[in-house]
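Peer 1: For reference, the chains in residue letters:
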Amino acid sequence: DGGITQSPKYLFRKEGQNVTLSCEQNLNHDAMYWYRQDPGQGLRLIYYSQIVNDFQKGDIAEGYSVSREKKESFPLTVTSAQKNPTAFYLCASRPGSSSYNEQFFGPGTRLTVL
Amino acid sequence: AQSVTQLDSQVPVFEEAPVELRCNYSSSVSVYLFWYVQYPNQGLQLLLKYLSGSTLVKGINGFEAEFNKSQTSFHLRKPSVHISDTAEYFCAVLFSKTSYDKVIFGPGTSLSVIP
Chain R
5 DGGITQSPKY LFRKEGQNVT LSCEQNLNHD AMYWYRQDPG QGLRLIYYSQ
55 IVNDFQKGDI AEGYSVSREK KESFPLTVTS AQKNPTAFYL CASRPGSSSY
105 NEQFFGPGTR LTVL
Chain L
14 AQSVTQLDSQ VPVFEEAPVE LRCNYSSSVS VYLFWYVQYP NQGLQLLLKY
64 LSGSTLVKGI NGFEAEFNKS QTSFHLRKPS VHISDTAEYF CAVLFSKTSY
114 DKVIFGPGTS LSVIP
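Quick note, the sequences are listed as chains R and L, same order.
Under our numbering, the first residue of the first sequence carries the number 5, and numbering increases by one thereafter.
Under our numbering, the first residue of the second sequence carries the number 14, and numbering increases by one thereafter.
Hint data in this document are derived by calculation from the structure and do not stem from the laboratory.
Owing to the predicted nature of the structure, the values given are computational and were not obtained by experimental measurement.
It cannot be assumed that every hint is accurate.
DSSO-like mimics (lysine-lysine), calculated; alpha carbons at most 27 Å apart, straight line [claimed, not checked]: (1) R:K75 / R:K18; (2) L:K115 / R:K87; (3) R:K87 / R:K13; (4) R:K61 / L:K115; (5) R:K61 / R:K74; (6) L:K115 / R:K74; (7) L:K62 / L:K115; (8) L:K115 / R:K75; (9) L:K82 / L:K115; (10) R:K87 / R:K61; (11) L:K115 / L:K71; (12) L:K82 / L:K71.
When you get a sec, could you build the whole thing from the sequences and use the hints?
Peer 2: In structure tokens, the structure reads:
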């Protein structure tokens, strides 16, 4: 079955540690996205990538980093510079053939900083 | 500025009653409109989308939405809700003619269906 996988589902981190969230898709989609979800605030865009080896900052990129070495993979690193990293993180992908295609979402990773 | 508003943060409704979840946006450019549903601790799933053509759009699970350009709204409706419809609902707007087709999500509406 085609889809987007995120791992792990739950992640705990001590303050000052970097942590990497995995996102893999086998939909052959060109574009991939990372969102952060906090209660009552909807989804906020962290980073996005439209092609391999290229990515752009979203609205809240500070304290995060990404890479896009393969079309199917778009890992997100939450660095110690992120002041309030506890949140639900969602990865999404979208076909690049048409600008108005909807996004497909992964199941999410809940990150808790202890 | 481009924005998406969902005025109702929480909507309680009795089972088998109708429901309307409101979505308004502000934009001076063409838009494409989406409604997503999110069940607890899961990702988002597309309910329906409006790209062009008929302003009444039908989606999955018996939901429908109507695009009103003059009122810049895209309200979601269901004539008879079920317990399984309890979830968070997000309106999303794709503003065209921007640098990368930016999607903006509303803050979400939590629908609680009461038995």
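Peer 1: Of the hints given before, which are not true for this structure?
Peer 2: 1
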